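Residues per chain are reported as follows:
2 protein chains.
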Amino acid sequence: MDRFAVTYRLVAKSQSDAEALAEAIALEDTLEIPRDVVPAGYIEDVVLGRVADVQQAADNVWRARISYHIDAAGRELPQLINVILGNASILRGVKAVNLQPNKDLTDRFAGARFGAEGLRRLIGKTKGGYVCPVIKPQGSDTATLADLCYQTARAGADIIKEDHGLSNQDAAPFKKRVAACAAAVARANEERAAEGDTSQAIYMPNIGGHGDQVRDLALYAKEAGAQGLLLIPGLFGFDAINRLARDPAFGLPIMAHPSHLGPYVLSPDHGYGHGMLFGQMMRLAGADISVFPNYGGRFGFTQDECTEIVDACRTPDAVGPAILPSPGGGMSIDRLPDMMRHYGEDCVYLLGGSLLRYGPKIGDAIREMRSALSPGD
Amino acid sequence: MDRFAVTYRLVAKSQSDAEALAEAIALEDTLEIPRDVVPAGYIEDVVLGRVADVQQAADNVWRARISYHIDAAGRELPQLINVILGNASILRGVKAVNLQPNKDLTDRFAGARFGAEGLRRLIGKTKGGYVCPVIKPQGSDTATLADLCYQTARAGADIIKEDHGLSNQDAAPFKKRVAACAAAVARANEERAAEGDTSQAIYMPNIGGHGDQVRDLALYAKEAGAQGLLLIPGLFGFDAINRLARDPAFGLPIMAHPSHLGPYVLSPDHGYGHGMLFGQMMRLAGADISVFPNYGGRFGFTQDECTEIVDACRTPDAVGPAILPSPGGGMSIDRLPDMMRHYGEDCVYLLGGSLLRYGPKIGDAIREMRSALSPGD
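Those sequence lines, one after another, are chains A and X. If you use our numbering, the first sequence corresponds to residues 1 to 377, in order. If you use our numbering, the second sequence corresponds to residues 1001 to 1377, in order.
Derived from the structure by calculation, the hints contain no laboratory data. Treat the numbers as computed from the prediction; the structure is a model and nothing was measured. Cβ atoms here follow ideal geometry from the backbone N, Cα and C, with glycine treated the same way. Watch out, some of these pointers could steer you wrong.
Now the stretches of chain A that chain X is said to cover, found in silico as 3 or more residues with beta-carbon under 8 Å [stated by the list, open to error]: (1) 26-32; (2) 107-113; (3) 132-145; (4) 165-171; (5) 261-271.
Just so you have them, the derived chain X footprint on chain A, three or more residues with Cβ under 8 Å [unchecked claim]: (6) 178-190; (7) 344-356.
Label-pair ranges, simulated between beta-carbon atoms [stated by the list, open to error]: (8) 35/A <-> 1141/X: 20 to 30 Å; (9) 1035/X <-> 141/A: 15 to 25 Å; (10) 1173/X <-> 143/A: 48 to 58 Å.
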């Protein structure tokens, strides 16, 4: 295949309207000029998007597959996203629902550095779902947050994720907080190792700072002992993940957080499909873990939408290795057995605010989580 | 005022549901923990969002004003956006429609460096709307694009904007293209000056590259002679604009392009209001010019939505100086007189693909635009 393809869900009144809309997308996301002035030759034959097929899917709904040449994207993710859903994101009734990569694309965008397998090795946990407490709330001082890190890591957490709102506020500035939390997790890991635990907790601080400081802050966090990072593509751009994932000086796993991305999936008619955004696009960017709001929590995703996300994180037919889905958003320990049946072991189980209810007994909560997620033990 | 405020449009069934949703937003975008575990003192009194009022606006529609303390945001734009519409962007029926800054906020986020007045001085045009041809399509070689720059600048264009799809592709790589185009515009400006023209065309190339290269590419462009930049916050993040706007080593105007931002405004129930996204948020980021799709073009914005954008770009009751709106998206010269009546002189009038129809007579088209936008001359 000399072209990669994007499938769009279109709202249209007739086959001919749907075909016209598909042609409009093919133009819009590449040349953005009227069809009658497209120069013949290379620009028309290679750079211009090409409508492959347009098929009715339901009343007033069509699916259009459009192929693009890598030359339209170049080598940088921002322009690739321009081609996938740039200006077409502003057209009414256009939703990108599937990315079909070709070799040109995967040669330039390799996906996650760790993925599901790499994370299992890094954490050293041979089986079971991942126990992932979320350290919060913002406004807490560094010592309080570091203590939460220690308590949860010591009790057997696999991943210590910072709340995405812990940024660089005065109450717990990024550098001071990350140094203290990384040290707390390291101390817990040493104690676990001394007891014969062959797995470790990895600490993933939230990148808090300016967009152009991401690499410096990531390298600082690594130097301080963090074993990964949380990053918000809806604020920093998907390419921020991509650059770190490809950066050998960093070389740690990245967890992507969905903040500010809601409008891309909440409308049936615009943005991305759930699986495409939280699965395919996160893999394209190079995230190792994709956080999304679980069904039945505070957000309104359905079980089918969550299944679509998880499938897109795992299917071999996509960019880079399979990655770990991470459902969260108002979960509690009593829901974990059901979630474990639904999502299985290769999944990061987030537990945030409800953990705070346990107060000084937070370690008990982590142990309960651990046993719910490793039913065989 | 010790707090800034955001107004949200809520979809709810009753006053009590609307109030519950407002309280959920106030928690979600700050602490993200259950209300009953919020620590007393600083976190509850200062960091937590505070619902100011919730009023019904229409059937099933409410408006809720929520105030936030700058401590929840800190000093970096990504976290400020987290507070304005981070996780709340994923809640069903929540749309941010107004930002009411306070001094804490404007002290930390000063807005545009140039704004409408600064641009008029820089371009040296005392009156009339701005003539802004868009250089395209991608796939063209550098010489072709540079020639379009020369022809349009020579004929009297005010702003030479690159197409947002001209990135860093092999056909016209960023550095080579920007150097050639800047030289072409400089030559045209010299010839205009020799004829007594006291205004100049400014060349605004599109940042094409990786997210972490924005500053380097911006400084390269400045060194090469560009007098501004086009940047896409939907791909690079709003903070990419903010950092350049505040960077004294750069010190040039920034034009923001709406690519990839469609889903934030297309749903009535999610994302941002048109004026808030393309006016207030662009001013908050520090853009000097905000490009948006005009009504009656290829995109479906209504005249009222466009008016809302333009008002939000111009009102003094916002962050930083008034900025220039820039309607585009399938415009043609015959629509300019009507647009000029609607938008007035402090507006950048984009003309892209349709200019290519003029072929070697593109200079005539620019002169026609100029006379349509300076009716008194």
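ask   = Going through the earlier hints one by one, which of them does the structure break, listed in rising order?
value = As far as the earlier hints go, 2, 6 are violated by this structure, in ascending order.
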